[in-house]
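**Student:** The chain contents come next:
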Amino acid sequence: MEDSKIIDLYWDRNENAIAQTAQKYGNYCHTIAYNVLSVQEDAEECVNDTYVQAWNTIPPQRPTMFKAWLGKVVRNLALNLWDKNHAQKRYQGMDAVLDELEECIPATQTVESEIEDKELGKVISDWLRTLEEDDRNLFVRRYWGGESVNDLAEEWGITANKLAQKMFRLRNSLKSALEKEEVYL
Amino acid sequence: MSDKGRKMYNGITNIDDDIIMAALEAKPKKVTPINEEKTNKAKKKHSKMYYFYTWGGAAVAVLCLAVIGIAVLPTMFSSKNESTSMAPNSATSSWDEAGSASDSFSSKGDDSDGWYSEEASSAEPSESQSTNDVNSQTTVEDSSTIEEVVINPEDLEENQIYVNINFADVKEIIVVYPGYENVVMGYDDAYETVTLINKMGILTVKDDYVDGTQSDYATIIVVTTDGSLTEIMPKYPYVFVDGVVYKGNSKDKGIQNLAKYINEFVSTYVEQ
Numbered sequence: 092m093e094d095s096k097i098i099d100l101y102w103d104r105n106e107n108a109i110a111q112t113a114q115k116y117g118n119y120c121h122t123i124a125y126n127v128l129s130v131q132e133d134a135e136e137c138v139n140d141t142y143v144q145a146w147n148t149i150p151p152q153r154p155t156m157f158k159a160w161l162g163k164v165v166r167n168l169a170l171n172l173w174d175k176n177h178a179q180k181r182y183q184g185m186d187a188v189l190d191e192l193e194e195c196i197p198a199t200q201t202v203e204s205e206i207e208d209k210e211l212g213k214v215i216s217d218w219l220r221t222l223e224e225d226d227r228n229l230f231v232r233r234y235w236g237g238e239s240v241n242d243l244a245e246e247w248g249i250t251a252n253k254l255a256q257k258m259f260r261l262r263n264s265l266k267s268a269l270e271k272e273e274v275y276l
Numbered sequence: 017m018s019d020k021g022r023k024m025y026n027g028i029t030n031i032d033d034d035i036i037m038a039a040l041e042a043k044p045k046k047v048t049p050i051n052e053e054k055t056n057k058a059k060k061k062h063s064k065m066y067y068f069y070t071w072g073g074a075a076v077a078v079l080c081l082a083v084i085g086i087a088v089l090p091t092m093f094s095s096k097n098e099s100t101s102m103a104p105n106s107a108t109s110s111w112d113e114a115g116s117a118s119d120s121f122s123s124k125g126d127d128s129d130g131w132y133s134e135e136a137s138s139a140e141p142s143e144s145q146s147t148n149d150v151n152s153q154t155t156v157e158d159s160s161t162i163e164e165v166v167i168n169p170e171d172l173e174e175n176q177i178y179v180n181i182n183f184a185d186v187k188e189i190i191v192v193y194p195g196y197e198n199v200v201m202g203y204d205d206a207y208e209t210v211t212l213i214n215k216m217g218i219l220t221v222k223d224d225y226v227d228g229t230q231s232d233y234a235t236i237i238v239v240t241t242d243g244s245l246t247e248i249m250p251k252y253p254y255v256f257v258d259g260v261v262y263k264g265n266s267k268d269k270g271i272q273n274l275a276k277y278i279n280e281f282v283s284t285y286v287e288q
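From first to last, the protein sequence lines are chains R and C.
For what it's worth, this note's numbering labels the leading residue of the first sequence as 92, then goes sequentially.
For what it's worth, this note's numbering labels the leading residue of the second sequence as 17, then goes sequentially.
Derived by calculation from the structure, the hints in this document are not laboratory data.
Think of the CB as a built atom: it goes at the ideal place given N, C-alpha and C, for glycine as much as any other residue.
Any given hint could turn out to be false.
What the hints assert, rightly or not - Straight-line Cα separation of at most 30 Å, DSBU-like style, residue types lysine-lysine; simulated pairs:
no., chain 1, residue 1, chain 2, residue 2
1, R, Lys175, C, Lys20
2, R, Lys213, R, Lys266
3, R, Lys115, R, Lys213
4, C, Lys20, R, Lys266
5, R, Lys96, R, Lys209
6, R, Lys175, R, Lys209
7, R, Lys253, R, Lys271
8, C, Lys20, R, Lys158
9, C, Lys20, R, Lys209
10, R, Lys96, R, Lys175
11, C, Lys20, R, Lys115
12, R, Lys175, R, Lys253
13, C, Lys20, R, Lys96
14, R, Lys96, R, Lys115
15, R, Lys266, R, Lys209
16, R, Lys213, R, Lys158
17, R, Lys213, R, Lys175
18, C, Lys20, R, Lys271
19, R, Lys209, R, Lys115
20, R, Lys271, R, Lys209
21, R, Lys158, R, Lys266
What the hints assert, rightly or not - Where chain C lies over chain R, by a calculated footprint (3+ residues, C-beta under 8 Å):
no., region
22, 146-159
23, 164-170
24, 209-219
25, 233-239
Stated by the list, open to error - Far from chain C, by Cβ distances over 12 Å, these chain R residues were calculated:
no., residue
26, Lys96
27, Leu100
28, Asp103
29, Glu106
30, Ala113
31, Tyr125
32, Ser129
33, Val130
34, Glu132
35, Glu136
36, Asn139
37, Asp174
38, Ala255
39, Arg260
40, Ser267
Produce the complete structure using the sequences and hints provided.
**Tutor:** Take a look at the structure:
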């Protein structure tokens, strides 16, 4: 079923909307959640919460890109769950991702210069648009989708070490872009 | 998770939708050198097989010529001596043999070309295609553009308020915290906050109300450029957000919920 029709179901308050969402994007949501949480049960819980949030949010919202919208919801919910359970030290995978991302942040300058998330997202988007298509997709798959370096290396047909070097260069490039835009966190 | 890590995570979550969709649906290209043809030529020049065919072929050719020279030329000279009429035929015949030897060398040369050209043909287009793809990306509409939201206030749910603040109307934002002196947000901070609120459009809030103890809570005052604080919004005089009740003043309906976002900023600011 097309995304627009699924969204129409939500607007009609038809419960089939959730079933259709699960059928079309269940695996996709689960993958994103699992890449963050690394725990099967938690990922499933997160996906179910995503359906609930979609049901509660649509309407009034009408996402223009439903797949991307769902992915963002999953990411947010996964992070919340990650926070909740982090004391148990279960999520090794996401720790690595976040450690890598931290390197991109320039040193703190001013406390009061709080950068709003969407503005930061815009800066990152602008930077991504300057990259080669392959590099851009790689970055998004790694840091938005949370896919592992080994999986991506296999798909890209290069070694994990080479991919790690590529990611390192991309992170440095992002750091430069953030510094240029005077983004200090 | 550190604050920086969380901030980056949230920032990346807010990457433009079209970039996310493109990445999710794209198949990775086989990773190839930027200019495969040049690389293949370089590879060809330095490969062992190249040396084998080139120098080996040359050696065979020299050997063949030597054999021809030794075997045929004396015969030619002797034939010339014996019968001048036979000499051209013999010579032609001999050179034909030599020619066939040369052909066999050529065929090896063709094989070698074929070997390399097959590899070269497997190279994927890379540079020009990538460039085109990048160019096509730049034409994608920026999905982060703020859309105008037209909403009838009567259609809002009980716990929703519609926020539409014109920054031109906001001069400063004053946050009054019990026990602290007034905190006045600077122009830039106010601008960021108002921009954020405008992007949000509709905000869902808890519709708890103050029971006369508002003096224990912070008050948000938005001073507009005409100097007016205007009246408190009748329907939501107070907004209960995250355990703190805010009182709002504005001619714009729903301004109180500004507090939810200002709170995070100001509480950090006040603690310094």
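**Student:** Decide, holds or violated, for the assertion that all CB atoms of chain C are farther than 12 Å from the CB of R/Leu100.
**Tutor:** 20 Å, holds
**Student:** Please verify that the nearest CB of chain C lies beyond 12 Å from R/Val130's CB.
**Tutor:** 16 Å, holds
**Student:** Using a Cβ cutoff of 8 Å, are there at least 3 residues of the region 164-170 of chain R near chain C, or does the coverage claim fail?
**Tutor:** holds (count 3)
**Student:** Confirm or reject the coverage of the region 233-239 of chain R by chain C under the rule of 3 or more residues with a beta carbon closer than 8 Å to the chain's beta carbons.
**Tutor:** holds (count 3)
**Student:** Check the hint pairing R/Lys213 with R/Lys266 against an upper bound of 30 Å on the C-alpha distance.
**Tutor:** OK: R/Lys213 and R/Lys266 at ~14 Å, within 30 Å.
**Student:** Looking at R/Asp103 again, its CB stays over 12 Å from all of chain C?
**Tutor:** 17 Å, holds
**Student:** Taking C-beta pairs only, is R/Ser267 more than 12 Å away from all of chain C?
**Tutor:** Since the minimum Cβ distance to chain C is about 15 Å, R/Ser267 lies beyond 12 Å and the statement holds.
**Student:** Would you assess whether R/Ser129, listed as outside the interface, keeps its beta-carbon beyond 12 Å of every beta-carbon in chain C?
**Tutor:** 14 Å, holds
**Student:** With a cut-off of 30 Å on the C-alpha distance, tell me whether R/Lys175 and R/Lys253 pass.
**Tutor:** 35 Å, violated
**Student:** With the threshold set at 30 Å, check whether the alpha-carbon distance from C/Lys20 to R/Lys266 stays at or below it.
**Tutor:** With a Cα-Cα distance of about 13 Å, the restraint between C/Lys20 and R/Lys266 holds, given a limit of 30 Å.
**Student:** Hey, R/Lys96 versus R/Lys115, does the alpha-carbon distance stay inside 30 Å?
**Tutor:** 12 Å, holds
**Student:** Against chain C, does R/Asn139 hold up as non-interface, every C-beta pair farther apart than 12 Å?
**Tutor:** 20 Å, holds
Of the numbered hints listed earlier, those contradicted by the structure are 10, 11, 12, 13 and 37.
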